[in-house]
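**Q** Next come the chains, spelled out residue by residue.
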Amino acid sequence: MPYRYIEHTADMGIEAWGSTREEALKEVFNAFTTLLYDTEKVEPMEEKEVRTSSKSLTSGVVDFLSQVLYRYDGEGFLSKELIEIRNLNPVWVVIKGEPFIREKHELRKLIKAVTYHKASFKKRKDIYKIRIILDV
Amino acid sequence: MGKWKGLHKRIDSYRVLIPQDYKSGMKVPGMVYLDSDLWEITTEEEALEQVANVATLPGIMKYSLAMPDIHWGYGFPIGGVAAFEVNTGVITPGGIGYDINCGVRLLRTDLKKEDLEGRVEQLLNAIFRNVPSGVGSHGKVKVTSQELDQVLVKGARFAVEKGFGVKEDLLYTEENGEMKGAEPQAVSAEAKKRGFPQLGSLGSGNHFLEVQIVDMVYDEETAKVFGLFKGQVTMLIHSGSRGLGHQVATDYIKVMEKAAREYNIKLADRQLACSPFKSPEGKRYFSAMVGAANYAWTNRQMITHWVRESFEEVFRSSWENLGLNQVYDVAHNIAKIETHLVDEAPIELVVHRKGATRAFPSGREEIPPLYQEVGQPVLIPGDMGRYSYLLVGTQKAMEEAWGSTCHGAGRVKSRTASKRETKAIELLEALKRKGIIVKAESNETLVEEAPEAYKDVTQVVDVVHGAGISKKVCRMRPVGVVKG
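As given, the protein sequences belong to chains Z and E, one line each in that order. Residue numbers for the first sequence follow my numbering, beginning at 322 and rising by one. Residue numbers for the second sequence follow my numbering, beginning at 17 and rising by one.
If you are wondering where the hints come from, they were derived from the structure by calculation, not from laboratory data. Every value quoted in this text rests on a predicted model; they were computed, and no experiment measured them. It is possible that part of the hints are untrue.
What the hints assert, rightly or not - Pulled a few chain E residues facing chain Z out of the computed Cβ check, cut under 7 Å: (1) Trp88; (2) Val151; (3) Gly152; (4) Lys156; (5) Arg210; (6) Tyr234; (7) Glu237; (8) His262; (9) Gln287; (10) Arg380; (11) Arg427; (12) Thr432.
For glycine and all other residues, C-beta sits at the position ideal for the given N, C-alpha and C.
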């Protein structure tokens with residue numbers, strides 16, 4: 322189970338795991354985009370770079386997902402795959418996806434924001450785990 | 017997470033005190049408006065700890081307050097109210113929330129219950145068609161970037177100048193729908209980009225449009241001043257600043273984290289990131305927040321126009337003839353600069369209301385002239401299966417709660433939990449049996465918003481009424497709901 326959704330009072334969160342930091346980041350990205358829309362219906366047509374200037378690994382994940390949310394809600398770009406991680410701290414990645422088409426895509430949930438509340442990026446035994454709470 | 021067992025003392029049937037020595041760093045005590053039933057529900061989560069956290073912020077005056085609809089939020093609890101002295105205090109996005117100027121507007125009509133007979137469905141269909149709603153909903157108004165800047169500065173007046181509504185609507189809107197101090201440059205390009213397509217749309221989640229009947233009048237005289245009577249058809253609009261406001265909050269929480277470090281402010285919770293109100297960061301956030309608040313008022317003004325058009329289609333008469341006038345419009349996620357009496361001296365404060373409503377009594381100049389004698393109307397939406405209330409502000413609210421009261425029912429259940437227990441079809445059937453027709457853009461949102469996910473709004477309202485920080489005027493029962 323590479324990720325799961327968790328309950329958090331009125332809101333919800335994501336827990337994602339990976340055997341490397343990069344894998345955990347990819348999983349949290351997958352969990353997040355799957356929540357926003359049906360990623361199966363999104364084709365990897367266009368490439369976009371996403372860069373953050375965050376000071377820590379955890380803030381980096383929050384800021385990265387905030388940017389994915391902005392690309393979707395502000396630019397109408399649906400991210401599908403995280404194809405390259407150029408740097409992890411601060412996050413600098415390449416994603417693939419395509420612009421939103423009403424007839425083709427299926428939107429799911431409205432997420433207002435990705436929060437810093439109880440956000441974490443930890444290693445336990447040999448597994449990296451990310452936890453993020455979302456304002457829905 | 018167990019029950020909250022922090023130090024507290026019940027003052028009376030409606031008030032509980034969290035003493036200043038409960039937690040180190042508290043600069044004032046906490047005071048929460050709760051009866052014993054609601055106290056039990058509230059201690060299930062960490063919301064009361066958040067009341068104590070807010071009390072640690074620099075410049076906080078008198079109390080860290082919370083209303084009976086209190087539940088857990090990011091930084092402040094939802095239902096939290098706190099005032100900070102303008103020169104020594106702070107401003108925090110965590111005290112306002114991600115949905116800046118989420119708020120409620122009430123329209124009245126000259127129609128009576130009988131006039132709706134057999135027409136509710138038709139009316140809902142018209143509203144559903146005319147007001148863009150749901151996840152990813154885009155407004156049907158296209159604005160240029162200069163126009164969006166005007167939206168941020170002029171607020172609802174922008175919409176009225178474009179033909180959405182009339183000047184009287186502005187008179188009956190908090191801040192006249194045009195709060196002063198917005199700086200379009202303080203709102204990021206990203207926030208504006210999220211704002212462009214969504215202007216004039218309802219959104220999703222807990223936002224809704226509701227056709228109602230006034231089914232109980234508690235205070236005839238005041239109701240008359242507001243133009244309300246038993247059996248009357250009313251319309252409630254609940255929406256906010258959409259993606260633009262969410263992005264402003266996201267942007268400035270980052271700015272404030274850095275600022276808090278620079279100004280050596282010790283934070284009890286990362287989501288309480290703040291800066292002195294008078295600092296460059298504080299001023300900039302405030303001017304961006306005002307812009308987002310004005311965006312929300314523009315949004316509700318446009319929705320009002322389409323609601324009126326929908327009534328015109330169904331009742332084949334002009335909205336003026338139908339008497340579809342505005343009672344009032346309130347913000348329930350906002351910070352304001354207000355003058356309040358502290359030790360009998362007037363003092364300027366930054367009042368944060370997060371899931372709380374301004375409830376000014378008669379005599380305050382912020383209230384429309386026609387309502388001067390009775391006080392400000394306060395609109396309290398409930399969940400879709402129960403009631404909504406109209407209250408009026410009181411002097412007591414001024415004396416102990418910075419002129420504030422509750423804002424709604426307050427969630428008790430997580431969205432996922434509510435989803436597990438509720439099926440969309442069964443919910444729709446159950447509501448129908450109660451005489452409530454619901455049209456929802458998505459079944460998922462519908463079940464997340466099931467009535468059981470909320471505290472009973474009547475219990476919440478009874479507490480603020482009992483405590484005297486606002487008074488019941490009338491109750492509205494939903495007959496038709498459009499959910500985003």
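**Q** Decide, hint by hint, whether the structure agrees.
**A** Here's how the hints hold up against the structure:
1. Trp88: holds, 4 Å
2. Val151: holds, 5 Å
3. Gly152: Result: holds, 4 Å to nearest chain Z Cβ.
4. Lys156: violated, 14 Å
5. Arg210: holds, 4 Å
6. Tyr234: Interface hint status for E/Tyr234: violated (30 Å vs cutoff 7 Å).
7. Glu237: violated, 38 Å
8. His262: holds, 4 Å
9. Gln287: Because about 5 Å separates E/Gln287 from the closest Cβ in chain Z, which is inside the 7 Å limit, the hint holds.
10. Arg380: violated, 32 Å
11. Arg427: holds, 4 Å
12. Thr432: holds, 5 Å
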